[in-house]
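Visitor: Next come the chains, spelled out residue by residue.
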Amino acid sequence: MMDKILFLPILMPLVLAAAIFVIPEKLRRAKEAMAVFAALMNLAVAIVLFKGNIILSLPWLGKGLEFSLRLYNFSSFIIAATAGFGFLITLYSIMFMRGKEYARQFYAYLLISISLVNGAVLADNLLAMLFFWEGLLLTVFAMIAIGGQFAFKAATKALIIVGITDLCMMAGIALTGHLAHTLTISKISLPLDALGSVAFVLLIIGAISKAGSMPFHSWIPDASTEAPLPFMAFLPAALEKLLGIYLLARICLDMFKLAPDSGMSIMLMVIGVVTILLAVMMALIQKDYKRLLSYHAISQVGYMILGIGTAVPAGIAGGLFHMINHAIYKSGLFLTAGAVEKQAGSTDLNKLGGLGRKMPVTFICFIICAASISGVPPFNGFFSKELVYDGALERGNLFYILAVLGSFFTAASFLKLGHAAFLGKSSRENEKVKEAPLPMLLPMVVIASVCILFGVYNALPLNGLIQPIIGTIRLNGHNFAGFPPNTMLVIITLVVLAAALLNHLFGAKAGGSGIKAADHIYHAPVLSTIYEKAEKRIFDPYNIGLKVVGIFSKIAWRLDRGVDWLYDTAAPKLAGISSRAILKLHSGSYSKYLVWSLLGMLIVIIFLTHSV
Amino acid sequence: MFLLFILLPLFSLIVLNLPFRAMMKKAAFWWLLVLLALQVYLAIGYVFGFFGFDLNAPIYPLSFSLNVDNFGCVALLSTAVVLGAVLLAAKYIIKEEEKLFNFISLLFIILAGSNGLALTTDIFSLYIFIEITTVASFILISFDKEKLVLEAVFKYIILSAVATVLMLLSIALFLLVSGKTDFSAIHAVLINSPHSLIVMFATGVFICALFIKGGLMPFHGWLPDVYSSAPAPVSALLAGIITKLVGIFTLMRLLVSVVNFDNPIRQVILFVGALSVVAGALAAAGQSDFKRMLAYSSISQVGYIVLGLGAGNALGIMGALFHLFNHSVFKSSLFINSAAIELQAGTRDMNKLGGLSAKMPVTSTTCLISSLSTAGMPPLAGFWSKLIIVLALWASGNYGYAALAVIAGILTLAYFISMQRRVFFGNIKEEFAGIKEPGFGLLLPACLLSAITIGLGLVFPFCLKLLKF
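Residue numbers (numbering that gives the first Met the number 0), protein chains in the order written: chain A, 0 to 611; chain B, 0 to 468.
Derived from the structure by calculation, the hints contain no laboratory data. Where hints are given, some of them may not hold.
[What the hints assert, rightly or not] Straight-line Cα separation of at most 27 Å, DSSO-like style, residue types lysine-lysine; simulated pairs: (1) A:424 - A:341; (2) A:583 - B:146; (3) A:591 - B:154.
Chain A extracted, bound-state conformation (with noise of 0.2 Å):
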């Protein structure tokens, strides 16, 4: 009986949702209730579950399908901080959301996600999870859409590029099963051949694809600037991210033996290394606050590919520390955005200004979630950077430079917007602005607490959550816990940090102004043409995608075209034209008449004639 608990979190969220739905819409004090009451009990069955460790087997679909439930460490440990996440944005969305029409769909759909990571994480039958995973598809999409009149586009936008890529997935989960001739997660167990490798390609782009990474990316900027901002900050900052990551991290962990120098490895390296490059260098010039966090949110998924692809111990170990600690301090970050959207009315850089004196509290929390994010020590993101480090230079200097390379645009940016947002003068505008409400500050503040509390005190999460996950016998008796051992790498991650800090000053003085500290970057020689085409999509996979699929239609239209004259016109021309013929031989001359007749039988004899 005890194993049947596994479906509270699954069903419980989605009872409470449909709750939500059917409440009327002028109970508005009810609906906020009940939408905080959901998160919290789902708080509350995710800390009972917490460390728990259940197997629940159904029978399913028969031939073998079973629908089985796996409670462990992993999978409580996501649990957990979805549910942490979702109750802070809930509660966040409560003064956020007020006076917003989609408020009710929002709530409604946010629980209903809760619901499906919860059931995707504990899936572990390849099929349920598969399920779980497409549903997800469909509340991203209606949470963007619910944005407004152009958020329908993004919300196509990613429909299609999760959908295709899903779609990958779902080819990889059949390869999979065929392979392992099971789709018990915990049961398969793989080599990377030549099959298996295109199996683990294809989960891979899933797996990827939802936690953001490129080439899969380009839906995320779409999004933030038209969906409701407590999305952002809950599912492609935290929700998607440990959903992704937690997937990639069981397929190269558990189902593929994913060795260190195999081809797979480098692969995952090389699309982490381009990930954090490319979409650091597309955030550094963002003029909007939420468009630079988001194409963060997309860089940052870098080092966790990046770290897992390693396939070192440390590599591991830092990618998925820097998972977790991803999901806090973006989601930190999302969340000032938008307490200065609420209380200033906009989140463009240009506008903004000179925030810093009027709302203390937000701009201490951005400092310490971007000290974070920059990985200044001794904040979370320090720590699991330095990790990752670690297990990329064990592979190769080229990925380690590039991935600190990564880390310097990082840093540059967000000491650009933290200049042009809080510090400054601040615009007439502005000067009304007010500290936002409790409600909104709270989850902030709880969020840069433990930024500060999983650095200084790392073991916490690394002992207890991260290194269980490995496993010992990988481990292989490392214990990453405690300050980095290697202090050559820790002094070169604080030069390059005191490099981006004298970048902004020298930048920040030749343009004038905070939002101009970037602006010699993006008008350097080269860069400054790429730039520019990637301003204008060229680089957009999605872009691309739609052009070719442009021009196969154009060449299906003309196609179609083409029957169509051949049925409309060239058929009907033909039939008049031989129909005139035939007409005008009839002349009405009985002689004529006889003649043909004549000459058929004629012929109708030589023909029988001949033939004997």
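For chain A, the structure is supplied; the task is to place chain B on it using the hints.
Guide: Leaving out everything else, chain B in the frame of chain A:
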């Protein structure tokens, strides 16, 4: 017993015309109707085996050889149905009593001739019945003695005379080869000596003569003129049975019962059939005269019958026979519809007509049903016969001809839909604002024929089980 089918009409004709002519005038119509009803009953009864006795029993003291088979019964049935419809239409259209009586007298001759044609088992008797029917039809066509009709009938007589000569020549050659004139005797001889030059020559000549009589391309020159200029009931009669029986039914008899129906002959039949199907349909598509369009459509549909025959298997011959019956039903119906339109609107130029369906709903509906049946739309009767023909062509390996038959079906649909649109659909023109349906006398035959088309289409799968082919 079946001799009565020939003797009764002839005897009736004499009795009606001799002593008490004035008294008999009214009775003639009803008497013919009774005879036709009896014929329908007997023919259906024979096919489905209603009777316990042998209808083929000879009537003494005459010893004239006749034989009834399913083949002949289908011909008897079509004759009775079409003649009945024509009789009803003629009673409505021909107002003068004297003229109507003459018309009905000629119908008795046609009935005798057609029945004889259907039942005879002797090649020379066959020739005689063909001539009886044809000559009676000459008179019927020129009934109104208008200039156009006389010109058309002149063409018909000339070409028909050529056909007659050819037929006689051929019969003489068969007599020379076999020494006899019955079908079975000639067949027995021809089976033993196939492919001799003289037999092939005689067969070719006979076939071509029948092509002329049946109006197949390129032997069809007389047909469009005659069909379009003859009085409406006569057009229905010609298109419905006379050319079909005289030409096509006789061709079937010849090929199935007399000659050795093998490959070179099949090729000729198939080619002529296909040519008629396609060229007839194309020519029909270009017409603006309603009746002329029906005439070309008739050529095209006869092509289908011949194609089915050319397939050469049992299925094909059955399809041909079935299409022959269907064609006589729907084509007579269409000609009666054209008569209604010509009578009410004063023109049959399709470009001048338009929007008649609102004022003439019955005519419009029956016309649509017959058109769709001609084009082979399920579930109407024409669908089944065309389907069987196409299947038979496919089964016999003539894939090209099968495809052609299907494509020509689309063409058929195209010109009939175009006709329907030009005549019945759309907005009514001002000059036809006061137009009305014709009287019940003309609507009844159209409705009856449409009912047969629908009914036969619906129960056909059931019929197929019963027919002993």
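Visitor: Among the hints numbered above, which are violated by the structure, and what are their numbers in rising order?
Guide: none
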